[in-house]
Amino acid sequence: MNIFKTKYFYKYSRNPLSVIGLVIVTIVISLALLAPYITPFPEHVGPFTDFANKSKPPSWKYIFGTDKIGRDIFTRVVFGYRISLTLGFVVLSIAVPIGVAMGLCAGYIGRKTELILMRITDIFLAIPALVLALSIIGLLDRPNLFYTMIAVSMAWWPWYTRLIYNITRSIKTEGYITAAEIMGASKLHIMFREILPNCLPSLLTKITLDLGFVILVGSSLSFLGLGAQSPTPDLGTMVAKGASFLPDTWWFSLFPGFAILIIVLGFNLVGDGLKDMFDVDV
Amino acid sequence: MIKISNISKKFFIKNNIVEALQSINLIIEEKDCFAIVGESGSGKTTLANIILGIYQQDKGDIWFEKNKLHRKRSLYQRKLIQYVQQNPMSTLNPKKTILNTISLPLKIHNVVNKNQITERVKTLLSYVGLEPEFMVRYPDTLSGGQKQRVAIARALAAEPRVLILDEPTSALDVIVQSKVLNLLLKLKKEFNLTYIFITHDLSVVRNIANKVIVMNKGKIEESGNTKNVFLNPQSQYTKELIKAIPTVLDQEDLLKPK
Amino acid sequence: MYNKLLKIEDLELSFKMYEGISYVLKKINLDLNKGEKVALVGESGSGKSVTTKLILGLLNQKNVTKKGKILFNDRNILNLSQNEFKKIRGNNITIIFQDPIAALNPVFKIKDQFYEVNLNDKKMSKKDSFIRACEALNKVSIRDPERILESYPFQLSGGLAQRVVITMAMINKPELLLADEPSTALDVKIQNQALDLMDDLTRETNTAVLLITHNMGVVRKFAEKVYVIYRGVIVEEGTKKQLFKNPGHPYTKALLEAIPKLSGDGLPTHDNNPPDYALIPKYVH
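Chains A, B and C are the protein sequences, given in the same order.
Position 65 of the first sequence, counted from 1, bears residue number 101 in the working numbering, the numbering being contiguous throughout.
Position 140 of the second sequence, counted from 1, bears residue number 809 in the working numbering, the numbering being contiguous throughout.
Position 145 of the third sequence, counted from 1, bears residue number 1595 in the working numbering, the numbering being contiguous throughout.
Treat the hints as calculated values from the structure; they're not laboratory data.
We put the CB at the ideal spot given by N, CA and C, even for glycine.
Check each hint, because a few of them may be wrong.
To be verified - Pulled a few chain C residues facing chain B out of the computed Cβ check, cut under 10 Å:
id	residue
1	Gly1492
2	Asp1549
3	Ile1551
4	Ala1552
5	Lys1671
6	Lys1675
7	Arg1681
8	Asn1696
9	Pro1710
10	Pro1718
11	Asn1723
12	Val1734
13	His1735
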């Protein structure tokens, strides 16, 4: 079945911005997947120095120029996308299942469960994501990418709980839920096989939008020195390290920064497109 | 077969006590098509919900063939009493195929083996006059009448003895309504079912129910054989209800009480 | 020609969708005299509701194609600008809908909704609007109009809300009242009360009524002239008496036969392969 011929794609493509977003996201993901094969200097990602070619401005050989120790910034940016995307996917792979399960239970099982679960969720929701992530990282011994991912996941799941909780509450009085209850379906079945499929449009939209935000938060943490450590190429770290050398060697920070902008923009546009296509509110 | 004994139920709505049902007593016999008629607020839906176990009554008991029915029911009890709802638009899960929807009661009540499910669903669809190709479709591509047929097929899947039908045709166009009512009568005969038919539409009742009770504000105004109640209504309320029916033929007008 | 308040000529409507083009109205013709009560009867999908939308100028999306004429007082209003429509809506043409409580804005009191309606006429103070609304409600035997005006829509019963909505629709003495399934959501007794109220008020102001419904009983009670519509095509046209005594078109006959009868003779049997009613020519009495 050709996906471009479906009714959904037709509706999605009514908005040119959404299509642009999709193109951006596709390009970025392809770059990240094919990174070792398409970058000119994949070895610059590991421990590598080439002081002879340090701080060179953008040229045909080094498209984005080189950094302070002679590594090709273009290669490192493309590999940086790998880190960012991995961060996004891992964080959401943790946050989404937790959030969804809690939201379903809170919305459907009963008053007591609802009260307990939603109080906990409210507490987490009251703390801004970045602050929460910082606090969690502060508790762990030394910063690295893995800890960053855990911390950000902890800040993210409550939003999914709230989303799924709201949807569950609004559809639990629908005819087909009552019909399943009367038939004798178990609570588990109703939550995961009747209610959850109806949450998918909102869920997919939110996940897409969140990928952009998670990457942004992750980059901010890296900018503060809490993300991936050298020599791993992390976009946020690259922006931070290059910031003190502005404006002379502007290419240290500009290209990684721009790369962050592009990917976040891309996911935002796709998310908005999905929001219109599914006609949901997240 | 079903005995309703002294059922009462109150609701608390915004500091007011609403007496939805006041000491309701009735007996439904096997193979009856038993109609419960009333305007909105009469308590007919509350009564149906109590029989189905959606609500718990405050006082009184329900007996189903010598067994008391509580809100928490056994799977077997649930199998024997099935339900067709009022609103065809929301009775089917929009994200599930028709096959999936009708398979649910088959799986819950273990009616057939796993590998026989598709065959059985095909058979059930044929009972309600739908071709097998409907199995892979989603509810949003079906008309109101088709959705209601699927709901009926789903209700029959568990092989029940009693079907509770809550305004099953009120949301349908008149020609479709007539076809679905015909279908319901045919199925009742074929499978020896007992129907509890809840509606506000007296003309429908006149043509399909053998017994009727008229409810008003939580009480039973009048009850008896359909023919008797219509030809010889005792209570003023019943008379008013019959007079209000929007008839379309002059000879029908003559049949209304003076 | 000057007598015809509303004349719909060869009206066509189609929607462009992903699956293709959907032809909803296929050259329909309909007219109303001043003060006449006309019913447009059909089942769902017949196109009866979109007709009212077109009369009110509410279908203007990119994928909508309209052809033909809607002459209101001899003026074609089919493609008027929204500004022009704003002058007509609420003044000369008003509408009441199926679910009265859904039609009212839930966060505003009834008196505020009357205020909005009254403003259409001329500049009016809130106090004057309140008095005018009170008078109107009093006239239709609504007891305690002050309390009703101070209430929110959800505090009213369905029947009461419908009476309020009808009063609101009639307060500016419109020339044409559109009623889209005005009583389907209500019990039969309340339905009859609402229809009686509409009858009284429109008689007084000589307002014409276009009643959209699928319920033949309602048609028989209320209408003088009837149009039967099937899948975007008018298949029969006649006075109430003609239609009910001698229905001409097979579709009209099918509709009347399908209604369960008080005589209790059982339900009609059905043809499993009915003809395409749209292909059978229109029956004019």
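Hint check results:
no. : hint    : in the structure
1   : Gly1492 : 9 Å, holds
2   : Asp1549 : 13 Å, violated
3   : Ile1551 : 13 Å, violated
4   : Ala1552 : 15 Å, violated
5   : Lys1671 : 6 Å, holds
6   : Lys1675 : 16 Å, violated
7   : Arg1681 : 12 Å, violated
8   : Asn1696 : 12 Å, violated
9   : Pro1710 : 4 Å, holds
10  : Pro1718 : 6 Å, holds
11  : Asn1723 : 13 Å, violated
12  : Val1734 : 21 Å, violated
13  : His1735 : 17 Å, violated
When held up to the earlier numbered hints, the structure conflicts with 2, 3, 4, 6, 7, 8, 11, 12 and 13 and fits the remainder.
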